[in-house]
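Q: Counting from 1, one number per residue, gives the positions in the sequence shown under the UniProt record's numbering.
Take these hints with a grain of salt, some might be off.
In silico BS3-like cross-links for lysine-lysine, where the CA-CA straight-line distance does not exceed 30 Å [said to hold, decoys possible]:
| hint | residue 1 | residue 2 |
| --- | --- | --- |
| 1 | K150 | K112 |
| 2 | K39 | K57 |
| 3 | K57 | K112 |
| 4 | K254 | K291 |
| 5 | K183 | K111 |
| 6 | K57 | K16 |
| 7 | K165 | K207 |
| 8 | K382 | K291 |
| 9 | K183 | K173 |
| 10 | K66 | K111 |
| 11 | K112 | K183 |
| 12 | K207 | K39 |
| 13 | K57 | K165 |
| 14 | K165 | K112 |
| 15 | K165 | K254 |
| 16 | K183 | K139 |
| 17 | K174 | K57 |
| 18 | K60 | K112 |
| 19 | K254 | K207 |
These are calculated hints, taken from the structure and not from any lab test.
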Amino acid sequence: MFWRFGGYANVSTIDKILERDDFQLEELLDESDLVQELKQHNTRLVEYLRDPQVLEKLLKYVVAPKLEPIASPDDDEEDDEDEKGKGLAQPSTRSRSSSRADDTTQEDNEKKRNRYAFVSTEVLSSDTWSMYDALMESKPLLLDFWQFLKRQTPLDPLQASYFTKVNESLFDKKTEEMLDLLKSMQGAIPDILRHVDCPMIMDLLLKIISLERTESGQGVVEWLYTQDVMPTLLSFLAPEHSWATQTSAADFIKAIITVSANASQNEQTCIGPNELTRQLVSKPCVEQLIKYMLGGGNPLTCGVGIIIEVIRKNNSDYDPEGVDINAAPSSRDPIYLGTLLRLFAQHVPDFMNLILNAPAQKQRLSSTFGDRIEPLGFDRFKTCELMAELLHCSNMMLLNENGAEDLIAARDSQRQRLRMEGLLNPAGANESPSGEDLSMRASQLSSPDQGRRLEVMNVSADDDGFEEVSHAADEDGSHGVLELPDAPSHPPGSGFIDKDDDDFVDEPPRRPSWACGSQRPTVRNRRRHTRMPT
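Model the full structure from these sequences, guided by the hints.
A: Given below as structure tokens:
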């Protein structure tokens with residue numbers, strides 16, 4: 001009697017369809033529990049969907065174009081009668097009914113197309129490894145799928161989002177295979193950049209850039225550098241492009257700068273300094289950017305936003321990796337902003353001329369003191385903001401070193417040589433023991449033995465002044481009693497330690513220091529206790 005409540009005798013609709021011999025894929029797509037059955041690893045369903053012909057249909061449904069309206073013959077005849085009779089001939093009831101039927105049919109077909117596209121996307125990105133393996137075995141189908149980027153702009157946002165979702169799932173699960181497929185396609189990156197106005201496609205490119213952080217995705221940024229991604233994006237800031245295209249390109253450049261920040265290495269999507277941001281601050285790209293900015297208008301606004309972002313996200317003083325002494329150049333070196341500052345300094349008179357002679361967008365305004373004043377204007381405001389941000393670079397240690405620009409230029413040339421020879425490693429593994437390679441000078445390090453990173457912790461008023469002994473003492477090879485100096489020259493440093501009541505180390509007593517006035521005498525000497533190394 002339990003089958004009345006548990007439904008053990010019921011067979012799912014998907015299984016009933018799969019048991020037939022003459023069913024179509026569309027019958028499965030019409031079922032609401034298709035995706036749920038797939039996520040539950042229905043073996044028969046997975047085997048059917050793995051078929052190359054079925055995968056081809058699913059991929060085509062994802063990017064199926066919109067249905068164009070079809071003009072009926074009755075509409076053409078009605079138009080002819082209207083032209084001849086000038087309204088004397090009345091349209092028949094049959095033509096109206098047929099037109100309504102055609103509209104209803106077309107609307108139903110459009111709804112069905114959207115539903116099939118959505119369900120196909122969910123099926124292809126359902127975290128089923130068997131499906132991913134089948135897709136990677138059918139690379140010609142994926143090549144045809146990527147022909148979606150060859151379409152004219154603008155793309156349908158809904159189709160673009162489905163296209164991006166499927167590919168992001170493939171890049172997550174099959175990173176190495178998908179990157180090899182991407183590199184094998186001719187003009188894939190230019191096709192992506194051609195749709196810079198489509199946020200969904202740009203999200204896909206940003207996803208590809210973020211793969212540099214994964215082990216199987218290392219080297220993708222170096223390959224994108226060879227595809228001239230950054231110069232192409234800067235070219236969209238030209239005056240001949242619309243303001244929407246300029247803003248979209250600037251926003252994506254700032255997104256690349258954000259994921260390439262050197263002070264946020266703990267973030268999941270941060271990849272650190274790389275060749276894309278290094279190319280952005282190079283002389284050709286900066287000169288191109290300044291040229292567009294001096295024209296004023298929206299390119300100036302976009303350019304100022306880019307400069308502010310690149311300065312704030314690439315302060316070399318906060319670089320957590322740094323550069324080891326006697327290390328060969330690598331793609332992880334801090335971004336040097338000296339070239340950018342020098343080029344902008346050379347064009348300060350041009351920007352001052354833009355401030356003094358900016359075209360007035362509004363008429364003079366009345367003031368409380370009687371005179372009519374000219375409004376500041378957005379161009380003047382953004383130029384002042386640019387100058388203020390450039391001045392923030394004055395305290396960077398790398399920029400204040402003598403001969404730093406010549407040293408960076410030499411490292412850049414050596415980095416280019418290593419790239420041509422195929423010896424450039426992103427992790428800075430190109431170290432030469434002979435010391436002949438150029439290295440970044442660090443004024444705070446006097447010897448290679450002092451290259452250990454120090455961490456400073458703030459001390460609150462609640463700290464008891466106990467000294468913390470780290471496990472670094474185990475490196476000496478001795479695990480006995482910890483020895484403390486007999487006569488420290490200064491009070492114990494601030495730190496944290498776990499309190500333990502078992503082991504104590506006494507310190508020689510000091511003479512107590514008496515306070516002035518009515519305050520009670522305080523003893524600076526304290527018994528310090530440490531946890532014994534385990």
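Q: Could you tell me which of the numbered hints above are not met by this structure, giving the numbers in increasing order?
A: Violated hints (numbers, rising): 5 and 11; every other hint is consistent with the structure.
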